[in-house]
Amino acid sequence: MTEVKKKRKIKDFLDHFTWRSSGLVILMLFLLFAFVGITKNWFGLYDSITQISGFNEFFFELSHINIYPLVMIGIPLIGALLQLVYKNTSSLKRDWIVIFMTFLTIPLTMMMYPAAKEGGIDLEFPGFMGLGIGFVVDMLGFTMLLITTIIWFIVMVYAHEYMKKEDNSNRFFLFMAITYSAVLGTIMAADLLTMFLFFEVMTISSYVLVTHNQKDESYEAGYNFIFMGIIGGFSILVAMLLLYFNVGSLKFESALSALYTLGNLKYWIMGLLIFGFGIKAGMAPVHVWLPRAHPVAPTPASALLSGIMIKVGAFGILRVAIAYFFPEQGEVFSHLDPVWLTTKNIGAFIIWIGIATMALGVFLALQQSNIKKMLAYHSISQMGYIMVGIGIALYLGYRGAMGYSGALYHIINHGLFKSLLFMVAGVIYFHTHEYDMYKLGGLWRKLPLTATVCLIACLGIAGIPLFNGFISKSILHHGIVEASHYGHPSFVYAEIIFMIVSAGTVTSFIKLFYYVFLGKMPEKYKTIKAEYTCLDTSMVTLAILIMLIGLNPNYILQTLIVPQLNLTAYDPYFIDHYIVHIHFFTGSDLMTMVYVVGLGAFIFWFGTKFHLFHLHLPNWLKLEYIFFYPANFLMRRACKLMYGDQCPIDTGPLSKLALKKNENTGFLERFVTMTNVFNRRYETNMIKSDVFIYTSFVTGILIYMIVMSLI
Amino acid sequence: MIEQLPILNMLIFLMAALIIPLLNRRVFTLTLVMGFMVLLSVLISSVVLLVHVNTVGEFYYRFGNYLSFIGIEFKIDAFSTLFTTFIVGLTMLIYLYSCGDATDGISEAEYGRYYILLFILMFSIFGIIYTNDLFNAYVFMEILSLTSCSIISIKRKKENYTASFRYVMLNEVGSLSYLFGIALLYMVTGYTNMSLVFESIQEAWVVYPANIMTACGFMIVGVGIKAAIFPFHIWLPDAHSHAPSSSSAILSAIVVKVYLLLMVKVLFRAFGVDIIKALDIPVILMIIAGFGMIMGSFFALAQKDVKRMLGYSSVAQIGYILLGISFMTHIGLSAAFFHIMSHGLMKAALFLSVGAIIYYQRVRKINQFDGMGYKMPLSMIVFGLAALGMIGIPPTIGFISKLNLGLAALDRGMIIFIVIIVISGLLNAMYYLPIMISAFLKGEKVNKIAGIEKIPVVMMIPIVILGLLILVIGIYPDLIYGLIENAVNAIL
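Chains F and U, in that order, are what the protein sequence lines are.
For the first sequence, this note's numbering assigns the number 783 to the initial residue and increments by one for each residue that follows.
For the second sequence, this note's numbering assigns the number 258 to the initial residue and increments by one for each residue that follows.
Since the hints were made in silico from the structure, they are not lab data.
Beta carbons are placed, not taken as given, at the ideal position from N, Cα and C, and that holds for glycine.
The reader is advised that the hints may include incorrect statements.
[As the list claims (entries may be wrong)] Output of the computed footprint for chain F on chain U, the stretches with three or more beta carbons under 8 Å from beta carbons of chain F:
{"no.": "1", "stretch": "427 to 438"}
{"no.": "2", "stretch": "645 to 651"}
{"no.": "3", "stretch": "717 to 723"}
{"no.": "4", "stretch": "727 to 739"}
[As the list claims (entries may be wrong)] For lysine-lysine, the following BS3-like pairs were computed, each having C-alpha atoms within a straight-line distance of at most 27 Å:
{"no.": "5", "chain 1": "F", "residue 1": "K1308", "chain 2": "F", "residue 2": "K1221"}
{"no.": "6", "chain 1": "F", "residue 1": "K1470", "chain 2": "U", "residue 2": "K622"}
{"no.": "7", "chain 1": "F", "residue 1": "K947", "chain 2": "U", "residue 2": "K632"}
{"no.": "8", "chain 1": "U", "residue 1": "K711", "chain 2": "F", "residue 2": "K869"}
{"no.": "9", "chain 1": "U", "residue 1": "K711", "chain 2": "F", "residue 2": "K1470"}
{"no.": "10", "chain 1": "F", "residue 1": "K1470", "chain 2": "U", "residue 2": "K414"}
{"no.": "11", "chain 1": "F", "residue 1": "K869", "chain 2": "U", "residue 2": "K699"}
In isolation and in its complexed conformation, chain F is listed as follows:
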C-alpha cells in the first residue's frame, strides 16, 4: 500500500514527460556505470562475461561492425526526419524523438570501445568528394564521442523544458539534429577532407541556432559567427590544398618525413590549421565572435556551443598536430631526435597563444555583469588552458604526454561544468528573466537545487580538490612545470600567468555565486516557485558526473587517455612513471590550490572594495577604435577624391561610415557600404566607356606581346 502511495506522489510531483526522460537519464547513468564496471572489471564482471561460451565471439563481431560511424551520423538525421513528421501535431512526441535519438548514440558509442582500443574502426569511401572520405574511431575519437554524446543527451533533456518558452522550436530542434550529426562526423573523420566537410556543415547549421531569437543583437552576433567561421573554413581549405599537394594524402597519419623537406611551408600549413580550427575554439586574437554569439543563443544552444562545439575546434588542432606532425609510434626513441624540432617550434607558439587566450579571457570575464557573457569569456579562458595543454604536448615532443592528457582531460571537464553553468544561467533566466548578476541575489532560498549544482560547477571550474577541474588543472600545471624544466626557462612566466589566471577564475566564480545566490533578494523575485522539471534532472546528472570524476580521477586517465598515449610516439617510460601512477591529492598540489584560492578571494575582496569590476576600458584601447579610425579617415579622403565637393559621405546610407560610435557598424557592413560608394561612382562610367576599354585592352595586349617577344 505504501509503495503505491509513494508512486502516486511522484507522479503528481513530476509530469509524465519528466518522469519518462528522467528514467532515460537514469538508464544512461546505469549504462555508464556498467561501462565503467566492465572496463574496470569490478567484481570480476568482465571475466564472468567473457566466460559465457559463444558470447565472446558474438560480442566481438558485434563490436567490430565497421559501419558504426555511418550509423552514428545517420541517427540524428533520421531523428530530424521523424521530427518533421510530428512537427505540427505533437511537440511532446517530437521532443521524445529528439531525446531518444540522442540517447541511442550513447550505447552505440560504448559498443565501439573494444574496436577503438585495438586501433580503431576504419571505414573508407574512395572517390567521394574527389579525394575520398573516411571515418575512423580510435581512442581519441572515442573519448570525444563519449563526452559529446553524454552532454548532448543531457542538454536535449534540458532543452525540452527550456524551449517551451521559445518560438520556432521546430526549426531549433531540426538544426540541432543536423549540428549533432555534423559534430559526430567531425570527431570520427579519418582525414582532413572529411573533417572539413563536417566542420563546415557544423558552422552553417549552428548559425541558425545562434540567431534563433531573431533579435538585432543575434543577427550581429550571427554575422560575426558565420563570417569568422567561413574565414576559418577557407584557411583550413588552403592548408588542406597545400598538404595534399605536398604530401599526397590527407589521412591522419604521420606526414613528418614529407613535411620535413618543406622548409617554412610546413609552419604555414600548421599555422593555417591552427588559425582555422582556432577560430572555432575561441583562440585569443580571433575569439571576438564567441562572447557575442554564446550569450545570444538560446541556453541549450549556448551550453552546447560552449560545452562541445568549441572543443571540436581544439580537438581539430590536437588531431592534426598529433597526426601529421608526430612521427610514427616506435620510430623515435629519444627526445633528442631532430624530428622533434618542428613540433617543438609549433608547440611553443601554441603555448604562448594559449597563455594569452586564458589571460585575456579571464581579464574580460571579470568585467562582465551579464552572466552568460561572463561564462562565454570563461569559455575563452578555459580554451586557453586546453591550448596550453596541446602546446605542451607538442613542445615537449617525446616527453609531452602530460600536456596531451591535460588537454584532453580538460576538454572533458570543461564540457561538463561549462554546459552545467550555462544551464544554471538558463534556469535563472527562466525564472527571473534577468541576466545581470548585480540585479539578482538571494536566490538560493527559492532555487536550492539550482544553487547546489551551481556551487558544484563553480567548485569544478575553480579547481577545488574533490571536483573535476582540480584534476585537469593539476595535470596541466605539471605539464607547464615540465615545459619550463625540460624546455626553455621562459615558461616559468607562463606558469606564473597560469596561477594568476586560475586565481582570477576563482574570483570570478565567487562573484557569480555571491551576487546571484547569496546576499539580499530583490522584492520582485519573492514569488518564484521552484518545480521539479527536466531542467533539474539534467543539471543534477551533470553535477553527479562532475563529482564522480573529481572523486575518482584515475579512471578516465587510465581507461581512456593512457591507451591513446601508448599509441602515440610518446616515451613509454615517461607514461608509465608519471601518468599511470599519478597521485592527485599530494601536498604540493593541494598547497598550490590553497594559494590560488587565497589569491582569488583576495582579488574578489579587493575588487568589490574598490569597484574594480565595473571598470571599462577607455575607448581608444578598443580594437574597433584602433582599426576603424584610420579606415574612416581613409574612406573620407577617398570619397573626396572620387566625388570632389559633392562627396555623399555625410548623407544617405553612407553616413553610417562617419559615425563616431564605431562599434555600431561592423567591419563587413562598412566594407559593403564602401563598395557601394565605389560602385555608384564607377559602374555606369565603366559601362559607358565600353569602346575605350576595348581599344585600350587590345592595344595593351598587343604592346605586351610585342615587348615580350622582343625580350
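Here the structure of chain F is known, so what remains is to put chain U in place on it, guided by the hints.
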C-alpha cells in the same frame, strides 16, 4: 548511322524552329510538347554519340565530302560530345521550367517566337561546339549573338531595348575582332580549318610572328567580349538581369560558356600550346582571370537587384574558368571544364529559383527577401544550396571546383591564386549569405511553413533536379570526372 547524328541534331533544331510558326493556330501546348520531344531526341542522340566517342573513338564529319581545307568539317570527339550532352540536358531542364514561366514579362503573342529563338540558339551552340573550322565558328557565333540579342529584347520594355542594343553592339565588335583574327591567320597559313592551321602555323610562326601575334590578340579579345571576361563584362549585368528568368539561365549558364569553349578550341587546337606560351598569353589570361574573380564579386556586392547581382557573380565565376584554362596544364583544364559544368548547374539553379520568386512574389530587390524561405521554401532551399556551392561549402559541387582549381594553381606553383580564390569565395559569401539569412531567419517572429509553394510542377521538377545534382555530383564527382578527363585528353 551514328556518323550522321551530329548533323541530324542540328537539323532537328532548325526544323523545330521552322515548324513552330506553322503551329501558330493550334493549341500552344502542342508546341511545347513538340519542343520537348525535340530536346529529348537530341539528348538521346547526344548521349549515344557520347558513349560512341568514349568507347569507339572520335570521328570527323565532312559536309559534302569536300576535303577539309575547302569544306566544312565537324570534329566529334570526347570534348564536343560531352559539352553538347551537358548543354542539351541543362537546356531541357530550363525548357521545362520555361513552360510554366514563359509568361514572365513576355506578351502572349510572343510565346512562339521565344521558342523559335531558343531552338535557333541551340542550333548555333551545337554548331560552335562541333565545328572544326574557324570561319564556320564565326558564322555560328553571329547567329548565336543575334538570337540571344532578340531573346533579351523580347520583353518589349525600354530597359530591355537598351540592354540588347548594348549587347549587340559590343558583340559585333567582338565578332569583328574575331573575324579580323581569322583573316590574319588565313593570310599566313592559308587555312581556316583548325587542324590544318595547327599543322602549318609552326612554319608561319618563324616567318610572320607579327601576324600571328596580332591575330591571337584580336581573337582572344573578340571571344573575351562575348564570354564576358572581366573588363569586357559591361554588357552582361544589364542583359542578364532584364531578360526573362529562364533565358537569363540559358544566357548565363550556357551561352557564355560556349564562347569559353570556343576560346579553348582556338587556343589549343588552332594556335597550339607552344605558340600560346611563346606569346605569353597564359600570363595575360591569368591576370584578367584574377581581376575578374575579385572585381566581379566586388561589383556584385553593391547590387540591389538580385538578378543583376547574379549577373555580376557570373563575371567572377567566368574568371575561375579562365584561370583554369590559363594554367595550360591537364589538371588546370580539367578544373576549368568541371567548373563550366558546376557553374552551369549552380547558376541555372540560382536563376530558376530566383525566377520563381520574382514571378510569384513580385520582388526583385535583395532587401525584400525577408522571410522568403517560408513563403517559397523549395525555391529558397535550392537557392541556398546553389549559393553555398558558389561560396564553396562542401558537400556541394562548388567545393569540388574550388578544390580542383586550388590544386591546379599549386601545380603551377601559383600560391597567389589560392589567396585570390579564397578572397573571391569570401566576397561570394558576403553577398549570398545575407540573402539566405534574411530569407530564413528574418521577417516575422513566428515562422511557419504552410507547405511547399504552389508553383507548376513543370517549374518545380527542374529546380529540384538541379538542387539534387548540385549535391550528388558534389558528393561523388567521379560521376562526370572520367568524361571530363577524356575531353581534356581530346584537347591537349
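Hints and how they fare:
no.: 1; hint: 427 to 438; result: holds (count 3)
no.: 2; hint: 645 to 651; result: holds (count 5)
no.: 3; hint: 717 to 723; result: violated (count 0)
no.: 4; hint: 727 to 739; result: holds (count 6)
no.: 5; hint: F:K1308 with F:K1221; result: 14 Å, holds
no.: 6; hint: F:K1470 with U:K622; result: 24 Å, holds
no.: 7; hint: F:K947 with U:K632; result: 25 Å, holds
no.: 8; hint: U:K711 with F:K869; result: 21 Å, holds
no.: 9; hint: U:K711 with F:K1470; result: 42 Å, violated
no.: 10; hint: F:K1470 with U:K414; result: 20 Å, holds
no.: 11; hint: F:K869 with U:K699; result: 21 Å, holds
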